[in-house]
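Undergrad: Below, each chain spelled out in residue letters.
Protein chains: 4
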Amino acid sequence: MQLGMIGLGRMGANIVRRLMRAGHNCVVFDRDPAAGAALAREGAQAATSVADLVQKLSAPRAVWIMVPAGDATESTVRELAAILQSGDTIIDGGNSFWKDDVRRAAELKPEGLHYVDAGTSGGVWGLERGYCLMLGGDKAAIDRLDPIFHALAPGRGDIPETPGREGRDPRVERGYLHAGPNGAGHYVKMIHNGIEYGMMQAMAEGFDILKHANSPKLAPELRLDLDVADIAEVWRRGSVVTSWLLDLTATALAQDPQLASYSGHVDDSGEGRWTVQAAIEQAVPAEVLTSSLYTRFRSRVDHTFAEKVLSAMRKGFGGHVEPKASK
Amino acid sequence: MQLGMIGLGRMGANIVRRLMRAGHNCVVFDRDPAAGAALAREGAQAATSVADLVQKLSAPRAVWIMVPAGDATESTVRELAAILQSGDTIIDGGNSFWKDDVRRAAELKPEGLHYVDAGTSGGVWGLERGYCLMLGGDKAAIDRLDPIFHALAPGRGDIPETPGREGRDPRVERGYLHAGPNGAGHYVKMIHNGIEYGMMQAMAEGFDILKHANSPKLAPELRLDLDVADIAEVWRRGSVVTSWLLDLTATALAQDPQLASYSGHVDDSGEGRWTVQAAIEQAVPAEVLTSSLYTRFRSRVDHTFAEKVLSAMRKGFGGHVEPKASK
Amino acid sequence: MQLGMIGLGRMGANIVRRLMRAGHNCVVFDRDPAAGAALAREGAQAATSVADLVQKLSAPRAVWIMVPAGDATESTVRELAAILQSGDTIIDGGNSFWKDDVRRAAELKPEGLHYVDAGTSGGVWGLERGYCLMLGGDKAAIDRLDPIFHALAPGRGDIPETPGREGRDPRVERGYLHAGPNGAGHYVKMIHNGIEYGMMQAMAEGFDILKHANSPKLAPELRLDLDVADIAEVWRRGSVVTSWLLDLTATALAQDPQLASYSGHVDDSGEGRWTVQAAIEQAVPAEVLTSSLYTRFRSRVDHTFAEKVLSAMRKGFGGHVEPKASK
Amino acid sequence: MQLGMIGLGRMGANIVRRLMRAGHNCVVFDRDPAAGAALAREGAQAATSVADLVQKLSAPRAVWIMVPAGDATESTVRELAAILQSGDTIIDGGNSFWKDDVRRAAELKPEGLHYVDAGTSGGVWGLERGYCLMLGGDKAAIDRLDPIFHALAPGRGDIPETPGREGRDPRVERGYLHAGPNGAGHYVKMIHNGIEYGMMQAMAEGFDILKHANSPKLAPELRLDLDVADIAEVWRRGSVVTSWLLDLTATALAQDPQLASYSGHVDDSGEGRWTVQAAIEQAVPAEVLTSSLYTRFRSRVDHTFAEKVLSAMRKGFGGHVEPKASK
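Protein chains in written order, with the working numbering: chain C, 1 to 327; chain S, 1001 to 1327; chain G, 2001 to 2327; chain W, 3001 to 3327.
What the hints contain is simulated information worked out from the structure, not anything from laboratory work. Glycine included, every Cβ here is placed at the ideal spot set by N, Cα and C. Each hint should be verified, as a subset may be incorrect.
[To be verified] Cut-off 25 Å, straight-line C-alpha distance, at most; resulting in silico cross-link-like pairs (SDA-like, lysine to any residue):
| no. | chain 1 | residue 1 | chain 2 | residue 2 |
| --- | --- | --- | --- | --- |
| 1 | G | 2109 | G | 2085 |
| 2 | G | 2139 | W | 3139 |
| 3 | G | 2217 | S | 1095 |
| 4 | G | 2099 | G | 2125 |
| 5 | G | 2315 | S | 1265 |
| 6 | C | 217 | W | 3071 |
| 7 | W | 3139 | W | 3060 |
| 8 | C | 139 | C | 59 |
| 9 | S | 1217 | G | 2270 |
| 10 | W | 3217 | C | 303 |
| 11 | C | 109 | C | 140 |
[Stated by the list, open to error] Simulated DEER-style distance windows between Cβ atoms:
| no. | chain 1 | residue 1 | chain 2 | residue 2 | range |
| --- | --- | --- | --- | --- | --- |
| 12 | S | 1070 | C | 221 | 15 to 23 Å |
| 13 | W | 3223 | G | 2225 | 40 to 48 Å |
| 14 | C | 78 | S | 1156 | 48 to 56 Å |
| 15 | S | 1075 | G | 2321 | 22 to 30 Å |
| 16 | G | 2225 | S | 1083 | 43 to 51 Å |
| 17 | G | 2321 | S | 1140 | 39 to 47 Å |
| 18 | C | 269 | G | 2040 | 54 to 62 Å |
| 19 | G | 2261 | C | 216 | 25 to 33 Å |
| 20 | W | 3267 | G | 2255 | 57 to 65 Å |
| 21 | W | 3301 | C | 221 | 20 to 28 Å |
Next comes chain C alone, as it looks inside the complex (with noise of 0.2 Å):
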């Protein structure tokens, strides 16, 4: 089947590949020209513009969109709006906000062009694990673009089946999702990197409280030297938190138990925050997604103002002057 990639980054370079890898044409294009040159070695086409792109693409056309979320995929839907034709699809496979997706795709439709937000997930590893794949859309655009998202997944593999799911969709198996109408697919990665934020907090933490474990604040007898590359190991055989981030917290402390390397500095992008929304306007409590976000705030400033009205307070009842040193 032949496709369209617009944004050949990271992502986008290797959906191509497992695309190609699995049979499929693919035609790309990439502000970068160089992008779409080292593609092109591999067996793509390149394209010199989006317009170029859209017609060395046979109609009915499917053109992925892999560009940053928010004024680079809006800007790069409507371009495309105006050169495709009716029937052709627009998959947005960044990180759009799931409401943006309802907007776009009810804007498009009177131009009779099918829009499916898929929320992919699977990072530097999709290419040779396969990407995990939740969309949202019409049935009939989805349907006719599944060899597309059949080659994408990760397949069954040698996961065990999960009992109880005969006569399921057996799509969702093999790693790719019709999540429901536009929308869906973004809502529910969405969902998922609010999870994975909170899982990993969860995991931070653990391991913060085992690396102090002998902290000097500690009586002599009860303080623990603890070896937190082995425990991360052995967590991964047979306990109940094994996962694949704690996969990868034992690969990195195994190269260096202190994470010297890190400033401890950590992003967060779009979901999480659209996670919590989601969460307040269903009225529903997210105390963990929320303070993992919160977390990852408060570790890209120095102090907060909030700290300093802190300290004036204690100054103000107590008289307390609060030390300038930290630790």
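Given the coordinates of chain C, work out where chains S, G and W should sit on it, guided by the hints.
TA: What follows is chains S, G and W alone, placed relative to chain C:
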């Protein structure tokens, strides 16, 4: 090798079974004679009392205690300590508080008795999958009992190796870890469970938000009917949140996406509380692990007094009268 | 001075009363004619419609809207905008979302209409104590209406002066603040309510722990029967937590230390949610304000789906069957 | 009445002063002779040692200990216990852990010694405003020392009466409370401080969001330059968050709205930690009180190990490299 086992509940009995499958000999005792008799039919030697169990073992003896943490474990340790001989070893495989281990080991040492605190993860699946073991105690005792731990642990299986572990203790890859001196085993298990609470809560909150994506609180065009069973399943394939806890969630949701058979009342065992205590002693922030615990506390009451205080204040300043109805 | 008031609920009617006490003239309207008639008996001029109210006012007119935030306020602003004249002013005294103020003011400006967003705190006590006013809008409009705001605000009273405020805007000490351009008034009120949620929750949690100091979960020699009413009262005298919220708590507990008449169901208005949204937009961690909101969400359901997911996982890995009974 | 005071720091010295102003006689001791000499110049009788202080008091003696909680208090209690006589009373006015009070009182009882745990709030303002006292101990001892507590407490002042308190203990309105048996005084003080942490954090987060209302992360038309000093001031007048903590915040912000002289490093004393411990022992959720504590922990380190673990995972699955720069 020979092992005595006191406490033949789900965990104790399955540990005995897994050991016998590996060719070890087990002398077993439970307050309920039926439990001993059942295992005797599978090849164990049933004792009629703790004293009888000790007598049936050859020196140097090893007795594994698998009874509820707290008073039951404490009294069993004391009963054993009174009749074991120098060179014998007591293994506490339950979920004891790690500071109790430190104390007990110090009390037993003058008698020449060894003590091993064995954090044991694996639950009802341990018999088949093996138990992840986190061990605290002196090297001599743990080395002598290596065949026992080796048999209980899951082994390497087909879990990919962690890069960078060359030259490290190979027992860890087999699923058992000598974590440090007494207390270290249960300390590591405690943090394991703390992380488990946090990961569970992250997963639970995410599914709650998915479930409410069609909330009547949302504008009709933004409501999504999502299939939580399919979502859990697809995430098992290549996503970042892949984990054993997700596998279990997928299984439960495949059986009943409403989880109608569950009351929502969630117990907690001591480890979650002790994890928070450890964090506070070290001055390590542990928002997520603590919130996970509080969620469980809250799940077990109809309403908190705190909520009534809030309502009383709201009525006081705003004349708000809270509705009685829920939702 | 003359003011039109639309919306004669508890807040609107008392604002009118306080203005009339200060010698101002009020033209009033409410969808319920009885509300207008009641105030007419106290000296107000009752209008039969919004149009009638506008007609009864002399240019430049000032109309205060005190109807529920959201659709009711929006439609009232639109109705007014269609019939007011250049130079007139609309004051939104409700709890509108501050971004709606920014938008509305921009929409009204081309018509020569002024818009003032007036965050109003004081609740049922405002008539006697005065209202704390946080105002957003252009200087001309706010200055022209100064007699209104001056009359509504509490005044200096016997509250001690804050040292270091010499030379600062004296209106602030009187209890009304021109916080900035449109939106600023409701923004400041929004954060006020966010803080209010957090302070209330802090108080509520503390009293919950006091109430449970005799919990059967504690060792008998460590159980304390505490008198929460007396505790609230004594803290009003010289303690660090002295506050109006504590006064209200003391009053409620003096009447009934069990607060048995309260269901524990706690509503939330928009400000708490918008405060969290503002924090997230700015990447400012706001753990306490957010937890306070989530507590209220949780108070309104019997059980969350999240809790059932937790139970399902616990059963999955440990065979735990949660009890149905509560407490 | 006569009182001995051991520990003449800010709190101890001012308590002595307030007692002397009320006509009581004080015998004082501090390890630093200069502290005793200073108070001697104001009318106190300075002792040269604990033994000397005891000798200078007439039976039945009352000795108030105002030294740091923990070892210093413990050793002073023991030193006193060895030389006091049956019928004498020790008052611990520091911030001791309430379970230590229970233990100490039980240890002293066989000697005929009374013990009063006196939670004392008022800080640097207590000399003028009076101290809010929360007392634990037996009725006889507390009644005998009533003149002392009466003199230290703020008295009714001009604080409005709480309706519904007719017939209740009038000492409470004067600002001192016999909270219950030993331990109850410090227990109530502990929860007071826990609430204080939560109220402070609520206030601090709110001002942080106000401060960032002009964040460059926001769209230019939605940025607000707010005057936090004026906002704090206006809220003192009729708003729901009126409180002493707000008064202190307003004072600090009037002096410097940037609070530039504060590092943002915030200490915590034991009460916040013990409050969390009490909540956990009772299984009472205390999200806000706990988060307030964790914020302080976080304020005292440059980065947590947890944050580095997060970065390591992010690099592992997504190839994300976190920037070194802050903000």
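Undergrad: Hint by hint, say whether it matches the structure.
TA: Now the hints, each set against the structure:
1. For the hint pairing residue 2109 of chain G with residue 2085 of chain G, the CA-to-CA distance comes to about 11 Å; that is within 25 Å, so the pair holds.
2. Of the supplied pair hints, the one linking residue 2139 of chain G and residue 3139 of chain W is violated, its CA atoms being roughly 62 Å apart against a limit of 25 Å.
3. With a C-alpha separation of about 19 Å, the suggested pair residue 2217 of chain G and residue 1095 of chain S falls inside the 25 Å cut-off, and the hint holds.
4. Distance hint between residue 2099 of chain G and residue 2125 of chain G is unfulfilled; the C-alpha atoms sit about 28 Å from each other, more than 25 Å.
5. Distance restraint check for residue 2315 of chain G and residue 1265 of chain S: the Cα-Cα separation of roughly 12 Å lies within the 25 Å cut-off, and the hinted pair is therefore satisfied.
6. For the hint linking residue 217 of chain C to residue 3071 of chain W, the alpha-carbon distance of about 15 Å falls within 25 Å, and the restraint holds.
7. Our distance criterion of 25 Å between C-alpha atoms is met by residue 3139 of chain W and residue 3060 of chain W, whose separation comes to about 15 Å.
8. The suggested pairing of residue 139 of chain C with residue 59 of chain C holds, with an alpha-carbon distance near 18 Å, which does not exceed 25 Å.
9. A C-alpha spacing of about 13 Å is found between residue 1217 of chain S and residue 2270 of chain G, which places the hinted pair at or below 25 Å, so the restraint holds.
10. In summary, the hint linking residue 3217 of chain W to residue 303 of chain C is supported, as the alpha carbons are separated by about 18 Å, within the 25 Å threshold.
11. With a CA separation close to 13 Å, the supplied pair residue 109 of chain C and residue 140 of chain C stays within the 25 Å bound.
12. Under the hint 15 to 23 Å, the C-beta atoms of residue 1070 of chain S and residue 221 of chain C, about 22 Å apart, fit the expected range.
13. A hinted range of 40 to 48 Å is violated for the C-beta pair residue 3223 of chain W and residue 2225 of chain G, which are about 54 Å apart.
14. Evaluation of the 48 to 56 Å hint for residue 78 of chain C and residue 1156 of chain S yields a pass: the beta carbon distance comes to about 53 Å.
15. Checked against the hint of 22 to 30 Å, the pair residue 1075 of chain S and residue 2321 of chain G passes, with Cβ atoms roughly 27 Å apart.
16. Remark: the range hint 43 to 51 Å for residue 2225 of chain G to residue 1083 of chain S is upheld by a beta-carbon distance near 44 Å.
17. Between residue 2321 of chain G and residue 1140 of chain S, the C-beta spacing of about 41 Å keeps the proposed range 39 to 47 Å intact.
18. Hint check: residue 269 of chain C to residue 2040 of chain G, Cβ distance near 58 Å, so the stated range 54 to 62 Å holds.
19. Taking 25 to 33 Å as the suggested C-beta distance range, the pair residue 2261 of chain G and residue 216 of chain C does not conform, at roughly 51 Å.
20. For residue 3267 of chain W and residue 2255 of chain G, the hinted distance range of 57 to 65 Å is not satisfied, since their beta carbons lie about 38 Å from each other.
21. For the hinted restraint 20 to 28 Å between residue 3301 of chain W and residue 221 of chain C, the CB-CB distance of approximately 25 Å keeps it satisfied.
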